[in-house]
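S.K.: Here is what each chain is made of, one letter per residue.
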Amino acid sequence: MEKFEKLSGIAAPMALVNIDTDMIIPKQFLKTIKRSGLGVNLFDEMRYNDDGSEKPDFVLNKPAYRDAQVLVAGDNFGCGSSREHAPWALADFGIKVVISTSFADIFFNNCFKNGMLPIVMPQEVVDVLMSDAEKGANARMEIDLEKQTVTTSDGEVFNFEVDSFRKHCLLEGLDDIGLTLEKAAAIDTFEASAAQSRPWV
Amino acid sequence: MSSEAKTLYDKIWDAHVVQEADDGTCLLYIDRHLVHEVTSPQAFEGLRMTGRKVHAPERTIAVPDHNVPTTLDRASGIIENEDSRIQLNALDVNAREFGVHYYPVNDVRQGIVHIVGPEQGWTLPGMTVVCGDSHTATHGAFGSLAHGIGTSEVEHVLATQTLIQKKSKNMKVEITGQLRPGVTAKDITLSVIGKTGTAGGTGYVIEYCGEAIRALSMEGRMTVCNMAIEGGARAGLIAPDETTFAYVNGRPHAPKGAQWEAALTWWRTLFSDDDAHWDKVVTIKGEDIAPVVTWGTSPEDVLAITDVVPAPESFTGGKIEAAKRALEYMGLTAGQKLSDITIDTVFIGSCTNGRIEDLRAAAAILKGKKIKDGMRAMVVPGSGLVRAQAEEEGLADIFIEAGFEWRLAGCSMCLAMNPDQLAPGERCAATSNRNFEGRQGKGGRTHLMSPAMAAAAAVTGKLTDVRDMM
Ligand code: SF4
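Respectively, the protein sequence lines represent chains A and B.
Residue 182, in the numbering used here, is where the first sequence stops; the numbers in between run on with no holes.
Residue 527, in the numbering used here, is where the second sequence stops; the numbers in between run on with no holes.
Chain A extracted, bound-state conformation (with noise of 0.2 Å):
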């Protein structure tokens, strides 16, 4: 998995709450059985008209942030299907990093496994940040993993948290099954005591 530890990028504000991993990457993008390029069918119904052009107004359309690396959104984001399309189409695009108040718990671990980091704000900080992501291309936030930092393109500092174990393997670009396979005599040896206790499963 590649390392993450620092970037400083565009931020896109999307205000919206709720918004679902059918709206990050529509449907009839799932039948793919790749992982890659799907950044172009990103929020496909938001962002195309039926002749598949595009529409002006949607955020990622407009010229300042279409290099956007980091997305300020709305509560809840990521919620409803389980589609790893979902951060797949993200870091596609090149988000790297999506703020919110909160994420659905599927989407948030998604995240993870694809070098990207999901940053949980309070209110009060999501709204700096999103009138800071609204001031366009000039204005680049900066997220420091190393020191759990977000700062604004004015210098504002914030902090946040991480799960430590998570920090680790995106620092280290660390893949979760190497790491789990050097337990495989713990996990051997719970099958055993587990074929005694249930035997039935």
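Everything labelled a hint here was simulated from the structure, so no lab data went into it.
What you are looking at is a predicted structure, and each value in this text was computed from that prediction instead of being measured.
Cβ atoms here follow ideal geometry from the backbone N, Cα and C, with glycine treated the same way.
Take these hints with a grain of salt, some might be off.
BS3-like, lysine-lysine: derived pairs with alpha carbons at most 30 Å apart [said to hold, decoys possible]:
no. : chain 1 : residue 1 : chain 2 : residue 2
1   : B       : Lys110    : A       : Lys164
2   : B       : Lys252    : B       : Lys110
3   : A       : Lys148    : B       : Lys223
Derived list of chain B stretches under chain A, where covered just means 3 residues or more per stretch with a C-beta under 8 Å from a C-beta of chain A [to be verified]:
no. : stretch
4   : 75 to 83
5   : 94 to 102
6   : 159 to 170
7   : 231 to 240
8   : 314 to 321
If the Cβ cut is set under 10 Å, some of the chain A residues that face chain B in the computed set are [what the hints assert, rightly or not]:
no. : residue
9   : Lys8
10  : Phe89
11  : Asn95
12  : Ser145
Let chain A serve as the given structure and place chain B with the ligand on it in line with the hints.
M.R.: Frame of chain A; chain B with the ligand shown alone:
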């Protein structure tokens, strides 16, 4: 609270911890892994690329459901959409190559993964069950810890039979007393989400309890737990009891003989202790629950059928904007009576309401009646076995005589990945679980409700209070 007192969730969790790190991150053992065609191809490909095997193929069950056509001609084996065909083929190849249990498209046991698992006895009390699908919560109806995972985690479970997890908090949702006539499990689960919001359960595992929950059949309990995810919870649970054991007993993969007895002994210990600690408690009176429908584009947009479309200004914060957007998308105006909303299509099916009891409830309303002229209506049974049973009970004839299409099993119009879709602006009374924008087809408008309410709507052509037809 004594330190020994545990919730049901605590008990199942503790029985599955392989290892716990100092920061509380656990390696959790997974008893059953259900797999479908949409979220698994990249995971199997990952195994291939790293030369890894499926750790426990005997605990892994694969079934195609999301993409499969549900029209009768699918028996011919022709799947027109090329991308769907590629995905279904990938599952077929992967299931056979990695040697997991598999119910292919033409097997009578095929169906929606969350219906097949319980039906075949793969889902048992006290287990950990995962699937690359958010509605895995369904299996919590058996008192098993069941939740959805992403594709990276699917690969992790395939390779190691474990998941890296941190424990959630405990939330109790109690439904007291009794339901009034015409009120079903679907009305319970929608009403809970209407009350707590779609993020109300975030960070929690919910246990549903109370007299009204105890009185539900297994089918009804599955409907309730199915939508725990719509309330944001990682999982929903109902403690197993005699209803559970009676359902499980005799299923193909349920334990038999001495093992059954041993299993029962353990299963009977699976309940929350009286003085267990709850981080959050929600209580709803069963008598207060009405037949409900959704009016907006979030499953929390729930109101009694006797209500009117709300004004966006009646909400607070970001929800005001979301409600405006929802009304525009749904083509509704504030103040309009819900029972005046006319519909074009009725969809009965999905992992929420595609079981035999759901079909019975809908057929009871439809018996001897016809659907409104011009209405498109379909029943998509949750599995081939549900379909067969409904035919045996004469339900299929009732549906067909009423004017419904009688389909083969699959997810169908729940998410419209197969050809069953709404056209832009088309309005649907659906028994599924999500009313998101575009969920049932681009521009399609979805109202969620119980099977009986959907059947009533099919007859009148509008959202209808089923109690008027009983
Ligand atoms: S029926 Fe709908 S919700 Fe259930 S698994 Fe299929 S697509 Fe998902």
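S.K.: Each hint: holds or not?
M.R.: Now the hints, each set against the structure:
| no. | hint | verdict |
| --- | --- | --- |
| 1 | Lys110/B - Lys164/A | holds (16 Å) |
| 2 | Lys252/B - Lys110/B | violated (45 Å) |
| 3 | Lys148/A - Lys223/B | holds (14 Å) |
| 4 | 75 to 83 | holds (count 5) |
| 5 | 94 to 102 | holds (count 5) |
| 6 | 159 to 170 | violated (count 0) |
| 7 | 231 to 240 | violated (count 0) |
| 8 | 314 to 321 | holds (count 4) |
| 9 | Lys8 | holds (5 Å) |
| 10 | Phe89 | holds (9 Å) |
| 11 | Asn95 | holds (7 Å) |
| 12 | Ser145 | holds (5 Å) |
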